[in-house]
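Residue numbers (my numbering), protein chains in the order written: chain A, 1 to 471; chain B, 1001 to 1335.
Bear in mind the hints are in silico, worked out from the structure with no lab data behind them.
Check before you lean on any hint, since a few could be wrong.
Once the Cα atoms are required to be at most 20 Å apart in a straight line, the calculated EDC-like pairs of lysine to aspartate or glutamate come out as [as the list claims (entries may be wrong)]:
1. B:K1118 to A:E217
2. A:K403 to B:D1091
3. B:K1245 to B:D1091
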Amino acid sequence: MVFNTLTFFAFFAVVLALHAMPFSWTTRKVNLLIASYVFYAAWNPPFIVLLWISTIVDWFAAQGLVRAERTSSRRAWMLLSVVVNLGMLLYFKYGGFLLQNFTVVMNALGVAYKPPPVDIVLPVGISFYTFATLSYTFDIYLRRALPARNFLDYALFVTFFPHLVAGPIMRPTELVPQFETPRRANLSQFGFGLGLITLGLFNKVVLADTLLSGAVERIFDRGRAPGLLDAWTGTLAFSGQIFCDFAGYSTTAIGVALCLGFYMPDNFRFPYAAVGFSDFWRRWHITLSSWLRDYLYIPLGGNRHGAARTVLALMITMLLGGLWHGANWTFVIWGGLHGTYLVAERTLRTRFSGYRPGALGLLCFGILTYALVNLTWVFFRAKDFSTAWQVLRGMTGFNGAAKPILATVYIASTAAVVGTILATHCYMRNRTLESVIARTPPALLAVSLGLMVFAIVISQGEGNAFIYFQF
Amino acid sequence: MTTALAITIVLTGIWEWHWRDFGAVPGYRMDDALWARQRRRIDEGEGDATVLIGSSRTLFDTQLPVWQQASGRRPIELSLVGNSPLFVLEDLAKDPQFTGRLVVGVTPDLFFSGFAYKQGLLRFYRKESPSQRVSKILSMRLFEPWLAFYDEDFALFTVLRRLPWPDRPGVGPAFDVHKIEISEADRNTYLWSKVVTDASYQALVRSIWAQSIHMPPPPGTKPGDAERTADEQITRAAAAVARLKERGVSVVFVREPSAGEFVDHEKRDFPRASTWDVLLQKTQAPGIHYEDFPELQGFDIPDWSHLSHESAIRYTAALYSIIETNYPPANGSRW
Chain A
1 MVFNTLTFFA
11 FFAVVLALHA
21 MPFSWTTRKV
31 NLLIASYVFY
41 AAWNPPFIVL
51 LWISTIVDWF
61 AAQGLVRAER
71 TSSRRAWMLL
81 SVVVNLGMLL
91 YFKYGGFLLQ
101 NFTVVMNALG
111 VAYKPPPVDI
121 VLPVGISFYT
131 FATLSYTFDI
141 YLRRALPARN
151 FLDYALFVTF
161 FPHLVAGPIM
171 RPTELVPQFE
181 TPRRANLSQF
191 GFGLGLITLG
201 LFNKVVLADT
211 LLSGAVERIF
221 DRGRAPGLLD
231 AWTGTLAFSG
241 QIFCDFAGYS
251 TTAIGVALCL
261 GFYMPDNFRF
271 PYAAVGFSDF
281 WRRWHITLSS
291 WLRDYLYIPL
301 GGNRHGAART
311 VLALMITMLL
321 GGLWHGANWT
331 FVIWGGLHGT
341 YLVAERTLRT
351 RFSGYRPGAL
361 GLLCFGILTY
371 ALVNLTWVFF
381 RAKDFSTAWQ
391 VLRGMTGFNG
401 AAKPILATVY
411 IASTAAVVGT
421 ILATHCYMRN
431 RTLESVIART
441 PPALLAVSLG
451 LMVFAIVISQ
461 GEGNAFIYFQ
471 F
Chain B
1001 MTTALAITIV
1011 LTGIWEWHWR
1021 DFGAVPGYRM
1031 DDALWARQRR
1041 RIDEGEGDAT
1051 VLIGSSRTLF
1061 DTQLPVWQQA
1071 SGRRPIELSL
1081 VGNSPLFVLE
1091 DLAKDPQFTG
1101 RLVVGVTPDL
1111 FFSGFAYKQG
1121 LLRFYRKESP
1131 SQRVSKILSM
1141 RLFEPWLAFY
1151 DEDFALFTVL
1161 RRLPWPDRPG
1171 VGPAFDVHKI
1181 EISEADRNTY
1191 LWSKVVTDAS
1201 YQALVRSIWA
1211 QSIHMPPPPG
1221 TKPGDAERTA
1231 DEQITRAAAA
1241 VARLKERGVS
1251 VVFVREPSAG
1261 EFVDHEKRDF
1271 PRASTWDVLL
1281 QKTQAPGIHY
1291 EDFPELQGFD
1301 IPDWSHLSHE
1311 SAIRYTAALY
1321 SIIETNYPPA
1331 NGSRW
């Protein structure tokens, strides 16, 4: 089920009503669990089995980890979880990709191998919930957390519908304790939750789908070589679209959880105001970057074993992080570029450790960061390398004779929306949404919310799936 | 929150009033979900029904209530605006549950060029999720019959796109089809009265059709390509019709009337002798061409392509009578 559909609103109204009933806390949690399964099954019912497999295997793996005394037994339980979760992920998400690459390699070796046609449907959200369940097992294996006291709390942690299909990627320590005591939103939380839902849907329906997607599709999906203006417009539009789409989802998810009385962590902190790439990754998809840091980068050695090992750990983490987004080499390049940026930044910071930029320097570094991030978005959005090179050639002025593609309306809407996003991110760089809202007159807030809902209504979005659903 | 809600309601009310003042009336959205609902009727026990496929002319000109009055049963409307119906014909040919009667509308520049951008519709119909189905049901109950502005043509970006933006040198004018229809819950559709009564809107619609008529062929088109494409479409249609006939399905092709620059274009670029006549000969199926029947001529065609609602009602009655009289279904049922 997608947040920006009528089905979701009907579903959410029923869930809120059930959650407000004077049932016992256990009954209300069972309601939430059933609702979460309905939420998932509303997309493709049979795939709920995968969710159950992931849930049950990690529950028993965690129990085994607690009981096991020998290191080898603990490792075996941990490996069971890894094999089952990553096995499902490998088959459903990377099966076709692996087969395709295997075929290329075989053919290159002179073996005429033709694979049977495969049509594997990617279960929505599998990358998110496998990471969530894996973090449960890892935390217990690493003795960072105790197992959930009962299966219901644990199953609800895995399945809780606000974060289930596109994050934020929750840790057991963030959510399981919240299920231990009865929760219901007070009026203030409920109002703030509804405000976040409005803001999230405005980002998704109005900005991403209505005002930015057209320019992106015309540049990346039509096969025509863009000139300088068109290539940059398409790429900047995508930078806005991917942010509004994904941050829109996260904001809505946080709002939905808050309306039920639960807290979820921020997933974005105005990333386009980042100065440098380590700053960017502290602001973009925060729950994924912290997951990769804790369960991949640090176990690979992190920065504790010298410069070379740090670079290696960083590059492996970012390359795998890229691959996590999709089964395509373009995503690996995207991750590789970010890894390279991080390594370069780290090297420069070490070499010029005494340098402290002034305001103008910060602005220049901020602009440079945003420009380089945009280069990576080309690989993220392009469905193949030829499209990516075509757009990059346009961005660097090498498609000199290219005919104009975008009509004025697309350039104007991209300039207006992306300009507003950048201005907002700069203003909010060292602020929080909560602090700004607290200082804003209530009348202005009401007018803003009213206008956003009106814009959502007249945009007439058609329930387009969120981009991150495919990851 | 209350103030925000009040602002939303007031602004939405003003927006609705604006579009009603423009002449809009509520109607059902002709989206993939509505088509899938009708297509599923065949799977859910109505496989012996009369099914209409074709392009917008079949959709606008054939009025389901009139057909129902004449035959006693309402047909299933699966025609698609701006698309050749060939892929739907092939899909029905492959579906053993469909054993009824099939009317295939032929709009020459769509059918014989094979132009179809909606093939993804079949995948949608097969894979539509429970959530998508429920959303459509809610939309059809709560919004579509009541709100005139709830129409793709009045959506925010469409409105923005149609503002008088300065032209960008080198970017040609977009082929921007405007709203011309009103649809009901079972896809019964007719021409919007604004196209009939508002001269400037009618001129706008005609100018859009003229733009499509005079559009240059795609780059790389070689002499003879159009004829080869037409032959391919006819061959595919013949195979599908043969498969349908094996199951006892009666098939009739219908060429609906057109006028003005449209009919000139069709006669010039898709001559009857090398398209329509060949189609009937190769499929061995009956066909009704409006030029052959005086009772199918003389209607009001405000935009050169679609009959006015009043004409469509009379046209449907005449068409049904011709089909029922001349080509009664083999199994003794009624069209």
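Q. Straight-line Cα separation of K1245 (chain B) and D1091 (chain B) no greater than 20 Å?
A. Between K1245 (chain B) and D1091 (chain B) the Cα gap is close to 14 Å, so the pair holds against 20 Å.
Q.
Between the alpha carbons of K403 (chain A) and D1091 (chain B), is the straight-line distance 20 Å or under?
A. Not satisfied, since the Cα-Cα distance of roughly 39 Å exceeds 20 Å.
Q. Within 20 Å, alpha carbon to alpha carbon, are K1118 (chain B) and E217 (chain A)?
A. Between K1118 (chain B) and E217 (chain A) the Cα gap is close to 18 Å, so the pair holds against 20 Å.
Hint 2 from the earlier list is the only one contradicted by this structure; the remaining hints agree with it.
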